[in-house]
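Participant: Construct all of the structure, not just a fragment, from the sequences and the given hints.
Here the protein sequences come in this chain order: A and B. Quick note on numbering: this note's numbering labels position 8 of the first sequence as 8, and the sequence is numbered without any gaps. Quick note on numbering: this note's numbering labels position 212 of the second sequence as 212, and the sequence is numbered without any gaps.
Among the clues, some could well be false.
[Said to hold, decoys possible] Just so you have them, the derived chain B footprint on chain A, three or more residues with Cβ under 8 Å: (1) 89-98; (2) 107-119; (3) 135-142; (4) 247-259; (5) 299-307; (6) 313-322.
[What the hints assert, rightly or not] Capping the alpha-carbon separation at 27 Å, the derived lysine-lysine pairs in DSS-like fashion look like this: (7) B:295 / A:181; (8) A:295 / B:181; (9) B:295 / A:295.
Hints were generated in silico from the structure; no laboratory data involved. Just so we're clear, the structure is a prediction, and the values are computed from it rather than from any experiment. The beta carbon of each residue, even a glycine, is placed where N, CA and C say it ideally should be.
Protein chains: 2
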Amino acid sequence: MLRSQIRTPALLVDMDVMERNLSAMAAFFAEGSARLRPHYKNHKCVALARRQLAAGAIGITCATLGEAEALASSGIQGILLANEIADPVQIERFVALARLTDIMVGVDNEAAVAALSAASARAHVQLSVVVDVDTGMGRCGIGPGQPALALAQLAVARGLRLRGLIGYEGHCVRLPPGPGKVQAAQTAMEKLVSSANLLRSHGLPVEIVSAGGTGTYSISGRVPGVTEIQGGSYLLMDTDYQTVCTDFGLALSVLGTVISRTGNERLILNIGLKEISGERGLPSLKNTPGARLRKLNAEHAVVDILDPNLSLQVGDAVELWAHYSDATVNLHRQMFGMRGECVEETFFLES
Amino acid sequence: MLRSQIRTPALLVDMDVMERNLSAMAAFFAEGSARLRPHYKNHKCVALARRQLAAGAIGITCATLGEAEALASSGIQGILLANEIADPVQIERFVALARLTDIMVGVDNEAAVAALSAASARAHVQLSVVVDVDTGMGRCGIGPGQPALALAQLAVARGLRLRGLIGYEGHCVRLPPGPGKVQAAQTAMEKLVSSANLLRSHGLPVEIVSAGGTGTYSISGRVPGVTEIQGGSYLLMDTDYQTVCTDFGLALSVLGTVISRTGNERLILNIGLKEISGERGLPSLKNTPGARLRKLNAEHAVVDILDPNLSLQVGDAVELWAHYSDATVNLHRQMFGMRGECVEETFFLES
Numbered sequence: 001m002l003r004s005q006i007r008t009p010a011l012l013v014d015m016d017v018m019e020r021n022l023s024a025m026a027a028f029f030a031e032g033s034a035r036l037r038p039h040y041k042n043h044k045c046v047a048l049a050r051r052q053l054a055a056g057a058i059g060i061t062c063a064t065l066g067e068a069e070a071l072a073s074s075g076i077q078g079i080l081l082a083n084e085i086a087d088p089v090q091i092e093r094f095v096a097l098a099r100l101t102d103i104m105v106g107v108d109n110e111a112a113v114a115a116l117s118a119a120s121a122r123a124h125v126q127l128s129v130v131v132d133v134d135t136g137m138g139r140c141g142i143g144p145g146q147p148a149l150a151l152a153q154l155a156v157a158r159g160l161r162l163r164g165l166i167g168y169e170g171h172c173v174r175l176p177p178g179p180g181k182v183q184a185a186q187t188a189m190e191k192l193v194s195s196a197n198l199l200r201s202h203g204l205p206v207e208i209v210s211a212g213g214t215g216t217y218s219i220s221g222r223v224p225g226v227t228e229i230q231g232g233s234y235l236l237m238d239t240d241y242q243t244v245c246t247d248f249g250l251a252l253s254v255l256g257t258v259i260s261r262t263g264n265e266r267l268i269l270n271i272g273l274k275e276i277s278g279e280r281g282l283p284s285l286k287n288t289p290g291a292r293l294r295k296l297n298a299e300h301a302v303v304d305i306l307d308p309n310l311s312l313q314v315g316d317a318v319e320l321w322a323h324y325s326d327a328t329v330n331l332h333r334q335m336f337g338m339r340g341e342c343v344e345e346t347f348f349l350e351s
Numbered sequence: 001m002l003r004s005q006i007r008t009p010a011l012l013v014d015m016d017v018m019e020r021n022l023s024a025m026a027a028f029f030a031e032g033s034a035r036l037r038p039h040y041k042n043h044k045c046v047a048l049a050r051r052q053l054a055a056g057a058i059g060i061t062c063a064t065l066g067e068a069e070a071l072a073s074s075g076i077q078g079i080l081l082a083n084e085i086a087d088p089v090q091i092e093r094f095v096a097l098a099r100l101t102d103i104m105v106g107v108d109n110e111a112a113v114a115a116l117s118a119a120s121a122r123a124h125v126q127l128s129v130v131v132d133v134d135t136g137m138g139r140c141g142i143g144p145g146q147p148a149l150a151l152a153q154l155a156v157a158r159g160l161r162l163r164g165l166i167g168y169e170g171h172c173v174r175l176p177p178g179p180g181k182v183q184a185a186q187t188a189m190e191k192l193v194s195s196a197n198l199l200r201s202h203g204l205p206v207e208i209v210s211a212g213g214t215g216t217y218s219i220s221g222r223v224p225g226v227t228e229i230q231g232g233s234y235l236l237m238d239t240d241y242q243t244v245c246t247d248f249g250l251a252l253s254v255l256g257t258v259i260s261r262t263g264n265e266r267l268i269l270n271i272g273l274k275e276i277s278g279e280r281g282l283p284s285l286k287n288t289p290g291a292r293l294r295k296l297n298a299e300h301a302v303v304d305i306l307d308p309n310l311s312l313q314v315g316d317a318v319e320l321w322a323h324y325s326d327a328t329v330n331l332h333r334q335m336f337g338m339r340g341e342c343v344e345e346t347f348f349l350e351s
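Facilitator: Pasting the structure below:
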């Protein structure tokens with residue numbers, strides 16, 4: 001199948017670039033003591049998760065129960081659900097997962113520990129948890145140090161299996177590179193690692209100290225005491241992340257068609273915010289000098305023609321680079337793996 | 001099934017409110033000469049389209065070939081694809097649709113007319129078109145008057161069946177109510193209706209003069225010469241549209257769970273921008289005084305606690321009103337129809 005035969009709009013991944021990104025990240029984690037448990041939330045594709053495991057990843061991180069279910073039902077082990085769960089339906093789904101696979105979930109409050117503990121006793125299944133520590137992001141997570149220790153002790157006392165700590169430094173990942181970013185990420189990791197040491201000093205098992213994203217992997221992944229990194233966006237990348245991380249190439253785009261041209265003023269593409277995310281800013285045109293994306297409507301992209309000699313006409317193909325890969329992949333159910341002009345593989349996006 | 005048994009996050013529709021919206025719009029179009037061909041793009045649900053038809057709609061408008069395919073394969077007739085198509089794959093999909101159902105598509109350029117004409121001759125299927133007129137929005141559409149006439153004449157000369165004109169006044173629908181909005185919409189409709197009259201004066205058949213959205217239906221739907229309106233958002237509504245149109249109630253929300261609470265500072269919900277759109281602004285909490293949504297991350301909503309007596313705790317259910325219904329529905333594959341606390345029906349979102 002050729003690019004020209006694809007129904008537009010369609011999500012594309014450049015296989016060459018994706019494979020280079022995979023190798024570059026694997027090479028980083030082949031050295032040092034930290035390992036990679038890449039985040040599934042970004043690509044939501046079991047076939048890509050398998051490639052990450054084949055390249056050395058020690059398991060897969062995810063953000064939702066639905067993602068964990070997709071991974072577990074594909075036989076994937078070593079799942080870190082790096083998020084909180086709370087209500088009875090969520091707890092029961094997690095119990096079902098724990099019967100299927102090796103999975104752990106974050107906890108940051110006593111109510112969740114109590115609910116997981118009660119469910120574990122009812123179901124006769126030991127449940128694994130990691131204490132989620134707020135390292136400065138101010139979202140989920142319990143305070144580092146004594147509060148984290150107290151919650152870890154409660155979890156163990158209630159019969160849960162404590163695996164360690166997680167602490168996503170989300171306030172650092174999109175800082176521009178430089179000493180300020182290094183300092184911010186190291187400060188966050190200090191809170192996490194010192195909490196881990198405090199737990200250990202109280203006799204608690206801390207196998208896992210997990211943090212990091214694509215924007216901080218090279219800093220947090222070299223902090224002594226951090227055992228693993230959760231980065232996910234590195235594989236497909238996007239133009240937003242590339243402003244702060246140039247280690248990886250852009251692999252993700254949306255293919256569309258010019259459906260209208262008004263003189264030398266504007267083009268309209270059949271790609272809208274239902275196919276490519278504008279949640280953090282506008283995407284940009286791939287390999288199309290002389291034109292610039294002005295705005296995204298629900299089903300249309302409005303492109304200003306800057307160069308009157310622009311050759312694009314109605315019916316021609318155009319690609320937009322994803323600006324926010326997470327939210328763009330989330331809009332699609334399949335992704336075409338392109339080797340040049342050919343579709344080499346169709347990736348199903350499972351959750 | 002009860003609300004408390006639903007897996008969160010989940011898309012909900014309040015059946016009572018939705019039915020009131022359906023009736024209110026039907027009552028408007030029971031008078032006057034214009035009819036309603038509601039837009040499927042908003043809810044993407046064939047079961048809801050059937051209710052709109054049962055309430056008097058004369059057919060269904062849609063924005064993409066995928067939507068048209070979902071409608072046609074469900075046996076729905078009278079489909080207006082109010083958009084342009086251009087490349088060979090799109091043209092072939094449209095030919096296949098024309099074999100299945102009564103469908104027409106917008107054209108705004110000679111290349112598309114030529115491509116449709118050639119495909120029609122090859123396939124021995126007559127294809128129906130409407131000329132898309134730019135009534136001032138500046139997106140798709142050919143200029144009103146002489147350019148629209150010339151394109152219509154070309155379509156007929158090339159063997160296409162001309163059904164009429166479409167002209168979405170998208171630059172008016174979100175203006176605040178008042179004389180300025182009335183003037184703007186009427187000015188746009190004047191361009192469309194005068195174009196229709198010009199075509200008729202040249203002997204061309206103009207059965208359909210279609211325009212309008214939820215934000216302008218009551219203005220454009222009473223302009224003499226406008227035969228039908230395309231509004232779609234009226235059925236489910238959202239907090240953005242409600243700032244300019246108070247004729248309909250909010251029916252669409254996303255149900256989530258409080259997964260973390262940090263003292264009297266903040267709550268975290270398991271609803272992110274992957275489940276509710278923030279593309280045009282932030283959603284808001286339903287029936288939750290004392291708290292305010294501060295931001296949406298990919299999988300989390302961060303809620304500021306304004307009232308220290310707020311009773312919401314980890315594990316409790318919370319709903320967010322959709323701020324942008326089109327883009328929110330697009331994130332889901334099913335929607336729970338709620339009658340009070342009970343799930344009365346599960347709606348599948350088919351495209």
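Participant: Of the hints stated earlier, which fail here?
Facilitator: Going through the list in order, the structure violates no hint and respects every one.
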